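K.L.:
Residue strings, one per chain:
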Amino acid sequence: MSALIRYISKPHPVSGVTNAKLGIWCFLASELMLFGGLFSAYIVLRGSASEWPHGSAVLNVPLATLNTLILISSSVTMVMSWASLALKNLKKFRFHLSMTILLSLAFLVIKGFEYHSKFEHHHFPSTDNFFGMYFTLTGLHAIHILGGVIVNAYLLFPGSKLYETEPEQFLGRIEAAGLYWHFVDLVWIFLFPVLYLL
Amino acid sequence: MSSGHHHSHPPQEAHSNHEPDLPFWQKYIFSVDHKVIGVQYTVTALIFLLVGFCLMLLMRWQLAYPGKEIPWIAGWFSERQMLGGIMLPEFYNQLGAMHGTIMIFLGVVPLAVGGFGNYVIPLQIGAPDMAFPKLNMASYWLFLIGGVIMISSFFLPEGAAQSGWTSYPPLSVVAAGGQTTWLVGMLFLIFSSLLGSMNFIVTIVQLRADGLTFFRLPFFVWAQFVTSFLLLLAFPPLQAAAVLQFMDRVFHTSFFLPSGLVVAGKVLEVAGGGNPILWQHLFWFLAHPEVYVLILPAMGICAEVMTCNTRKPLYGYKSMIYSTIFLGFMSFVVWAHHMFLTNMGTKMSTFFQITTMIISIPSVIILTSLILSLWGGSIRFKTPMLFAIAFLPMFAIGGLTGLPLGLTAADIHLHDTYYVIGHFHYIVAPGTLFGLFAGIYHWYPKVTGRKMSEVLGKIHFLGTLIGMNCIFMPMFIMGIAGVSRRLWDPTQYAHAVPTQPLNVFISIAAWCMALGQIPFIINFFGSLIWGKKADDNPWQATTLEWATSTPPPHGNFATPPQVYRGPYEYSVPGQRTDFLPQNVKGDN
Ligand code: HEM
Ligand SMILES: [Cu+2]
Numbered sequence: 091m092s093a094l095i096r097y098i099s100k101p102h103p104v105s106g107v108t109n110a111k112l113g114i115w116c117f118l119a120s121e122l123m124l125f126g127g128l129f130s131a132y133i134v135l136r137g138s139a140s141e142w143p144h145g146s147a148v149l150n151v152p153l154a155t156l157n158t159l160i161l162i163s164s165s166v167t168m169v170m171s172w173a174s175l176a177l178k179n180l181k182k183f184r185f186h187l188s189m190t191i192l193l194s195l196a197f198l199v200i201k202g203f204e205y206h207s208k209f210e211h212h213h214f215p216s217t218d219n220f221f222g223m224y225f226t227l228t229g230l231h232a233i234h235i236l237g238g239v240i241v242n243a244y245l246l247f248p249g250s251k252l253y254e255t256e257p258e259q260f261l262g263r264i265e266a267a268g269l270y271w272h273f274v275d276l277v278w279i280f281l282f283p284v285l286y287l288l
Numbered sequence: 007m008s009s010g011h012h013h014s015h016p017p018q019e020a021h022s023n024h025e026p027d028l029p030f031w032q033k034y035i036f037s038v039d040h041k042v043i044g045v046q047y048t049v050t051a052l053i054f055l056l057v058g059f060c061l062m063l064l065m066r067w068q069l070a071y072p073g074k075e076i077p078w079i080a081g082w083f084s085e086r087q088m089l090g091g092i093m094l095p096e097f098y099n100q101l102g103a104m105h106g107t108i109m110i111f112l113g114v115v116p117l118a119v120g121g122f123g124n125y126v127i128p129l130q131i132g133a134p135d136m137a138f139p140k141l142n143m144a145s146y147w148l149f150l151i152g153g154v155i156m157i158s159s160f161f162l163p164e165g166a167a168q169s170g171w172t173s174y175p176p177l178s179v180v181a182a183g184g185q186t187t188w189l190v191g192m193l194f195l196i197f198s199s200l201l202g203s204m205n206f207i208v209t210i211v212q213l214r215a216d217g218l219t220f221f222r223l224p225f226f227v228w229a230q231f232v233t234s235f236l237l238l239l240a241f242p243p244l245q246a247a248a249v250l251q252f253m254d255r256v257f258h259t260s261f262f263l264p265s266g267l268v269v270a271g272k273v274l275e276v277a278g279g280g281n282p283i284l285w286q287h288l289f290w291f292l293a294h295p296e297v298y299v300l301i302l303p304a305m306g307i308c309a310e311v312m313t314c315n316t317r318k319p320l321y322g323y324k325s326m327i328y329s330t331i332f333l334g335f336m337s338f339v340v341w342a343h344h345m346f347l348t349n350m351g352t353k354m355s356t357f358f359q360i361t362t363m364i365i366s367i368p369s370v371i372i373l374t375s376l377i378l379s380l381w382g383g384s385i386r387f388k389t390p391m392l393f394a395i396a397f398l399p400m401f402a403i404g405g406l407t408g409l410p411l412g413l414t415a416a417d418i419h420l421h422d423t424y425y426v427i428g429h430f431h432y433i434v435a436p437g438t439l440f441g442l443f444a445g446i447y448h449w450y451p452k453v454t455g456r457k458m459s460e461v462l463g464k465i466h467f468l469g470t471l472i473g474m475n476c477i478f479m480p481m482f483i484m485g486i487a488g489v490s491r492r493l494w495d496p497t498q499y500a501h502a503v504p505t506q507p508l509n510v511f512i513s514i515a516a517w518c519m520a521l522g523q524i525p526f527i528i529n530f531f532g533s534l535i536w537g538k539k540a541d542d543n544p545w546q547a548t549t550l551e552w553a554t555s556t557p558p559p560h561g562n563f564a565t566p567p568q569v570y571r572g573p574y575e576y577s578v579p580g581q582r583t584d585f586l587p588q589n590v591k592g593d594n
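Residue numbers (the numbering used here), protein chains in the order written: chain A, 91 to 288; chain B, 7 to 594.
In case anyone wonders, no lab produced these hints; they're calculated from the structure.
Keep in mind the model is a prediction, meaning the values are calculated, not measured.
Check the hints yourself; a few may be wrong.
[What the hints assert, rightly or not] Covered by chain B, per the in silico footprint, the following chain A stretches (three or more residues, Cβ under 8 Å):
no., region
1, 156-166
2, 176-186
[Unchecked claim] Which residues of chain B face chain A? A few of them, derived with a C-beta cut under 7 Å, are:
no., residue
3, V208
4, P242
5, P243
6, M253
7, F257
8, P282
9, L288
10, A520
11, Q523
All C-beta atoms, glycine included, are put in the ideal place defined by N, C-alpha and C.
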C-alpha cells in the first residue's frame, strides 16, 4: 500500500515535524476554533442575559475541583508514559498509560454523579441558558474525554504492536495522543473557572 | 493519527508499480488510494449536483406558474408535498433549503476539494499518496453518510429542512423535524471536511517532491492549500452553532430563542433569553470563508488550464499567491456584511464595509492576472479552455455585483432580494462550475486514459454558457425591482407582478439548460468507451501530474520525481519544445 509516504516516523528536514505531529496540530487548531465558537456564544448569551446565576451557587465546586486535579494528574501520567517509552521502558509506559485511562474514567464517573445530582434538583439543559451552556460545554468536553480514552486504550492494547516494527512511529503516535490529551485538559481548565467560579 | 502502512523497505526496492493484489472491494470501494477516493468524490458530488439541480428545476415551475398543476410528474409526490398537483409552500421551502445545502456542501465543495484536490494535489506535488490515506478514506465515507442523511430527510414523514441553507433561528428551531436531520447531516459533513483539510495541509507541507519549493508549486496547489486552512478554521464555529441549534431543538434549550417568542399566536414555552443573531454571527463566520472555499479551487483550475492552453507562463504568479493568502486572512473579518440589516450600528457596519471593500482587491488582482495571462498567447480553444475563459467574465460579473451589496446604503435595498441570488450564482454557478467543468475536461484523459469528445464538449459549453446567463442575468433586474428571495408565490406581491414574465423566461431557460447537460453526461460516460486514447501528456503540459504514466499507477511515480523549475515554463526561448516539464533539466 502507501509504501513510499515520507516523514511518517522521521521529521521533515524543513518543517521539523513528522506528518502525524503536523496533523495533530492542525486538528487542535480546528478544535480551538470549535471551543472558541462556543465560548463566544457563552459570552454573548451571558452578556445579554438579564440574570445569570453565580456558578458556585448552583454547581458543586468541590467535586469539580477534585475533577480538575484528576485531569491534571492524568496529563502528568500521559507525559510520563511518553517519556518512559522514549527511554524504551515498556513496563513503565504501560503503567502510566493505564493510569491515564483510569484517571480519565474517574473523571467521567464523577461527572456522571454531578449530572445526576443536577437532574435530581430538576436542573436540565432547558432550565435556563446557564444550565444549557453548562450541559453543552461539559457534555462536549466529556465526549472529547471519551474519545481520548478510546484512543489511549487502542494505543495501550492492539495499537502497541506497532512498537515492535516501527518504534519511532509508535512514539510519535503516543506524542500526538498526548498533545490531544493536554488540549482536552486545557479546555477543562478554562471551563472550570468560567462555569463554576465566575 | 493513523498514517497508513509503512514498509520497512527503503524506497529503491519498492519501485515496482504493481498494484498489490487487493480484492475488488478494497481496490475500488474501501480504497485508501487518493486517486480512487478522488474519483469517488467526483462521481458522488456530480450526482449530488444533479440532484440539487433537479430540485431547482422543480421549484422553477412554481415560480413561473404559481399555483398551477405540475404536468406529467405530479403523481410522483406525496400529499405532504403536492396537493392536487400543486406544490405546497412547505415543500417549496424544503426544495429551496435542500437545493442550497446540496449544491454547496454536497456538490461544489466535495467536487472542488474532495474530488480535484484529492486526485490532483499528490500528483502535482510528486507524492505517492496523501499523508494519511486511511483518514482520507474516512473523510469520503463520512461525507457520503452525511449526504445520504441529508437527502433521506425528504422521505421522513415531516419532510426535509425548510429554513434555507442558512438555517436562521428562531424559524429553524421551531420548524418541523427535518431540521434536526439537517443538523446531524451537517455534523458528518463538517467532520469529513475537517479530516480532509488537515490531510491536505500535511500533504502539501510534508510530501512535496525534492526541489519543489513553495514558490514552484502550481497555483492550483496554492489555491487548495489556502482553501484547506479556511475549511480547517472556519467550519468549527458552524459546528459549534450546529451543536447549539441541535440542543435547542432536541433538549429545548433557548440559545437562539428570545424571551416571549410568539409562534402561531401562542407564546412559546421555553426559558428564553437567547439570541437569534448569535446564530447569524456563527453561521457567517463559516459561510463567508466558505464562499472562498467555493471559488479558490476553481481559480486554481483556471490557472492550470489557461497556462497550458495559451502556452504562456502565468502572469503575476507570485502576486496571485500573495493575493490568495491575503484573501484567506481577510475572509475571516468580513462575515457581518451578510448582516447589515441586523441593527448592528454604524461603527460595526463601517468596519465591515471597509473590510469588504479591501477583500475585493485581491480578487481583482487574481482575476486581472488571469486575464493578462491570455495576452499574446497562441490560444488553443479546446473545451477546457473555453470553460476557463468563460469563467473570467462570469466571475467578474459576480464580483462586481458584490460591491453594491457590501455598502450598506445599497444593501438596505438589495438585501434578501433576487439581486443577491444573482450575485452569488454568477460566482458559483457560471463561475465556479465553469472552473470545475474545465477541470473535468482537462484531467479526464489523465484519470481515464481517454479524451472526452470535443464536439459534445463544445455543445455542452455553449448550452451552459447561454443557459446560465439567461437564468441569472434577469435576476438582477428582479432584485432591483424589489422582489424578495424565498417566495412561494411572487404574484401575491403587487411590486413583483411586473417582473413575473422574467420568472417564466428564467424557468424555461433553466429547463433548456438541463437539456444542455445531456451531452456532458453522454460524454462523461461514453468517452470511457469510445474516447480517443490519450498518452501520458496529451496537452503537452508542464506540471508533475503529466510526468507519470496515464492513468497513474498505484504509488503514482515509478521513481520519486526531482523538480528543477517553476510550474509554468511554456515557450521558453531557446528550447526544442514549447514546454519544459518541471521534472526535466532542460536543453541547456
Ligand atoms: C468579490 C467581492 C465580493 C463582494 C464584495 C461580495 C459581497 C457580498 C455581500 C455584501 C453579500 C450579502 C448580501 C446580502 O445578503 O444582502 C453577499 C452575498 C453572497 N455572496 Fe458575495 N461578495 C463577493 C464575492 C463572493 C464570492 C467570491 C462568492 C462565492 C463563491 C460569494 C458568494 C456569496 C453568497 C453565497 C452570498 C449569499 C448568501 C446568502 O445570503 O444566502 N460572494 N456577497
Ligand atoms: Cu460574504
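K.L.:
Against the structure, test the hints numbered earlier, and report the numbers of the ones violated in rising order.
P.N.:
1, 2, 8, 10, 11
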